[in-house]
Structures are given as C-alpha cells and as structure tokens.
Amino acid sequence: MFNKKSLEDIANEEKKWQKLFNEYTLKAPERLKRFSTVSDRPIKNIYTPLDIEDLDYPKEIAFPGIYPFTRGVQPTMYRGRLWTMRMFAGLGSAKDTNERFHLLVNEGQTGLSTAFDMPTLMGYDTDSPRSRGECGKCGVAIDSLKDMEILFDGLPIDKITTSMTINPPASILWAMYIAMAENRGIDRRIIGGTIQNDMLKEFIAQKTFMCPPKPSMRLITDTVEFGTKEVPRWNTISISGYHIREAGSTAVQELAFTLADGIAYVEAALERGLDIDAFAPRLSFFFNSHLDFFEEIAKFRAARRMWSRIMKERFKAKDERSLWLRFHTQTAGCSLTAQQPYNNVIRTSLEALAAVLGGTQSLHTNSLDEVLAIPTEEAATIALRTQQIIAEESGVANTIDPLGGSFFVERLTRDMEEEAFEYIKKIDDMGGMVAAIERNYPQMEIADAAYKYQLQVDSQEKTVVGVNKYVSEEEIPIEILQIDEELEEKQIKWLNEVKENRDNTKVKEVLEKLGEACEGNSNLMPVIIEAVKAYATEQEITDVFRDVFGVYRDPGVY
Amino acid sequence: MNKERRIRVLVAKPGLDGHDRGARIIARAYRDAGFEVVYSGLHQTPEEVVQAAIQEDVDMIGLSSLAGAHMYLFPRVVELLKEKNADDILVCGGGIFPEEDIPKLKNAGIKEVFTPGTPLTEIVNWVKENVKPRGL
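Top line first, the protein sequences correspond to chains A and B. Just so we're aligned: 289 in the working numbering is position 282 of the first sequence, and the numbers increase by one with no gaps anywhere. Just so we're aligned: 107 in the working numbering is position 104 of the second sequence, and the numbers increase by one with no gaps anywhere.
Chain A with its partners taken away, still in its complex shape:
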C-alpha cells in the first residue's frame, strides 16, 4: 500500500522523532512507567505506516460485504440500517417483564432481549428447593408455556426479533417461544430471534450447568438442525465471548476462545451430516465491549476477518453468508463500579461507541445501576438513549468503518488476529475445545488473567476511577430496584394452577416419550415442543435430561 521510497523516508523521520521524544522524556519522564490496555497489552507511543507497511488493502481489509469482511459484513452497514438496539431485560414475573419490554419498545428499542432468573437458567422450577430465595431476582421466572405467553403478550413477534439468554434449557425455552407463536397463529417460518444456547462457554465462563459436555453438544446440534429445517430466521447459537471476558479473560483470549467454540459447533454440525452452507449462515456471535477503546475496535475487526478465513479455508464454505461473523455486543458489566454509579454512564457510552465503530449488528448498553441491581426504568432508558445519541447525533455512523486505515487500529487488528490464531492452534493441538475444557485449559487461562488484573488494580498499576483513584469521602446511595419478596409464593401458586388445569395424562405420556427419545438419537426438538404445548414445566423436562444424560458438577478449580 505504501511505496518503498516513502517508507524509507518515514523510517528516517521516525528515528528523528523518537530521538526528540527521548530528549523530552529525559527532562520530564512519561506519565506512566508502562502504557498498556486493560488486557495488559503494551502500547507504543506512536504508530506509523511502518507498522502496516505490507498491508494489502484488497486482500486484508477489502470493502464492507467483501471477503474477508474486515470493514463489515454487509455492503451497506449503518448506511442501510442502524444496528439493532436490543436491551437485555428481565425481572420478577412474566407480567413485570412484559411491562419492561413494552416500555423499552415505546422508548425506541428495535429488538427484544430476555434475561431469565437463576432457577430458569439452571432448569429448575420455582418450587424446587434449590430455587428458594432466587425467584425473579436476576431475571424473569419462567416455569411453563403459560409464563411465556404472558411474557410476550401484546408484542409484535412477527415483526420484531427476540433474543433469549438461555443455555442448558435453551431447547425448552425456544420450544415455548415457538409454541407461543404458533398458538397466536404465527408460523414458525416467520419468527426471528436468537437463543444463546452456547454450552461450551458455560463450562468455560458463565457456569450455568446442567448436563456434561457431550450430551450438551447433542442438544445444541439438535437445535441447529431443527432451526435449519424448520425455523429458518432463527439464530440457533449465539457463540459468546462476553462471559469469557466478564470472567476475567484478556481481549485476545475472548476472541480466540469464542472462535474456537465456534469451530467446535461447526464440527459437531458437520459430523451430524448437515451441509455447512445450510447452517453456517445462522450461527451468530456475542462479544463484550470493554473499556480499552481501540483494543475493542481492533478485536471486532479481527473477529470478522478470522471467522471468514476459518469458514472459507478450513471448512470450505461456499455461500457468502456462511462467511459472515454477525454479532451482538454488550458493554462490559465487569467494568462498572458500585462507587459513584453515575460514572458508569460514561463508561457505557465509550464502550457502546467502540462497538459501533467495530461494526456490531446489535447492541445492549448497561445501565448505571447494573452493578447493584436490575436496572430501574430510568437507568435503562438512559442506557438506550446512549445508543440513540451515538446513532443520531455523533456522526460516527455516517460512513462505514471510519477507523479503517488508522495505522494504530490496523496494526492492533493484525496483532490480535495473529495472537488469537496461536491460541486456536494450541486448542486444536489439544484435540479441540471440548478436550481443552476437560483439561481446564481455558478456565485456568481466565483465572490467571483475572487474578493478574486484580493485583494490578490493588497495586494501582491500573486505575479504576472512584475506586482506587478520585474516591469519594462519602457515597450517596442511589435508589435501586427491588424484587417483590412475595413473588416466589405467587409464582408457585400460579405454577400449581398450571399443573392442575392441564391434561396430566398427556404430560406423563409425552415425558416418557421424551425419555425414550433422549436414549435414542432422534432430534429432540419436536417432542420438546409437544411437551411444552401440553404445559409440561421446564423442570419436568430438564429432570428427564438430567436423568438420561447425567449431571455436570463444577470441578471447583481456582
């Protein structure tokens, strides 16, 4: 991209400049001993064309919508359509959450996203002894199809897409959504959305467990296969790095482990006999947007380029759409502080901006009170406005990939790609991600990175405003959302009503049928849908899974 003579001139000029820089720093030293990203990547004082001297624009960067998609997966990107503003929401009962959904849609969000409570996430009904004290506390309580019907009441699910953050019982919640839609006369071929359904990152980071890795992969492959044939507008996996990052990984680890998980899912689907171009277009991704602005932008660009190369060269995909890394982003929860919570609005803004400059398809912005509780309506609205102001007022969406060509960003993009591929090779050599997980490899990499970062914060090598610098003498408490303590009792009452009013013979029959199907190797989705339509509860179904597939327990390594 640069001619040899210019590069020589620049090299000479840079030598002179570094000499000048050093003269200045002899008189007054640099303000830090070491300049590094939040992931502890060292950053130079300047980047020049020399850092990307052999950059081949058509081959390495290209244009949006053109392989390897560094600048974006679609040709038009935000010139055609802004990213989906999709605020993660869930609290208390299905009715409480339905109200929050309506509020967010009225305030301008363009996609739905569901947060479930711990019992639902872990596959327990509200009346399980394990669920005591947990109902509705970190998301919505869903015990059966009845709750799902209330959750989406009055929402145009034939026109708006819905994401559900759910993992071990993803097949069940998806079945409930499909059943709810069909009961409303909406065909499964029309509904669009995403289920997270990414168990590998559960074992690595988010830790909502149920069954061991191998049967979990079977369940996931069943959903991919079913989606490919029956629910074509649905993204059946959201291959996630968000949680890996929240658990304490570096940006490169987030990138590498996510794509390695993706590789494992592709291999599982191919082993099932599916055609790559039949399912790959519906694989989607989910990344974190953390504090270091440029590191994140480079990460997103590297991710697109890497995945398209993996899909084309490693898996020989032919359809263009199989090469697209489409992703949702959430701003980093772990970067927010309990101290001086209004600072979190600024953190979220910067992180959201990075995601937009990185070309995300969909975005959730955290609320200022997210460290302390489920967001209040006011806090969630400010978070949504953050996206709207970036979109409508800042001008950054006027042109596609505005940072393309920056010496710094292109260099970072390349370096992160190279380092992430090294990690992927390591994991391949171990026998793939499932094998790596069984050896606790990604889990320990993350634990090491998390501990290192904590020590850096405690020693003030890394600054956290309001926590280890610019600390308030006295914190002014803000009002936070409380979940109704009576809800657990009410939810159990409603659950019992569902059990009384359904055809219990039918439920018993279909659960037996499910058990047999689990023992065999037919696709489980049709019988799961049958079960939820008969108002079998979530746990009645997961108990069958646990019974047949076994239970996974945390190895407890640290």
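Simulated from the structure, these hints should not be mistaken for laboratory data.
Keeping only pairs whose Cα atoms sit at most 30 angstroms apart, straight-line, the calculated DSS-like set for lysine-lysine is:
#, chain 1, residue 1, chain 2, residue 2
1, A, K323, A, K432
2, B, K131, A, K476
3, B, K109, A, K476
Dock chain B against chain A, hints included.
This is chain B only, laid out in the frame that chain A set:
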C-alpha cells in the same frame, strides 16, 4: 503445647449463582496469604456448605453471592451451623448487596460483608485479625 495452626477457610458459592470470578480470586489471595483454603465450587445448597465446613474443620466460611438470593441463603447457613453446634465457625460474605441488606445480614450473624472494590489485602488482613483457628 499448641503448635502454630494456619487459618482454614472455606470459600463457598451457595445457591444457583454462577458468578465465580471473585470467589476464585479470593481463594487464591487466601492461599497466597498462607491460609488453608477449601473452595466449594458452584451450586452448593446451604446444607452442603455447612457439611463441607464441618467436614473440612474450617475456621471461617466466606460466602459469595452476586445474584440476589443472599437474604435467604446467608442466614440459612448461619442457622444450620447453629443447629449442628458449629456456630463457632465465623461466617462472612462478599459480592453484590443492596446497602440496606447489609445490616440485616449482620443481624442474622454474618460477621462482615465485603462489597465491590474492596482490595484483597483489606480482606486478608480482616481475616487475620478476626479469625482464630478453632479449638485454640
């Protein structure tokens, strides 16, 4: 003569909460500080926590919660320790707690509650100052 005994701590994750970044960091910090550490792993019922604490003969249980179920889980652990005559095991907590819950937890027998942003050295020093090896 009593020989010098190291402080033994059980770091535990009661309930369904899977957020274990902090608990695992604390476990390492305790280990680096010279305590004997047992980490329970995730998804322990209060009964399992107490059984482990007694079996492992620990001096303190550190409970971690970031998913909002602490008002049931933490007092329940204290209650079970009392039932089993093991309430000389000190219980403290760490994680995410609304301000107003902290005095309630302390009233229920949680000795100290550590909230986000607390440096590791502060926690380690608190343990050194407040936890005595049992039976000494």
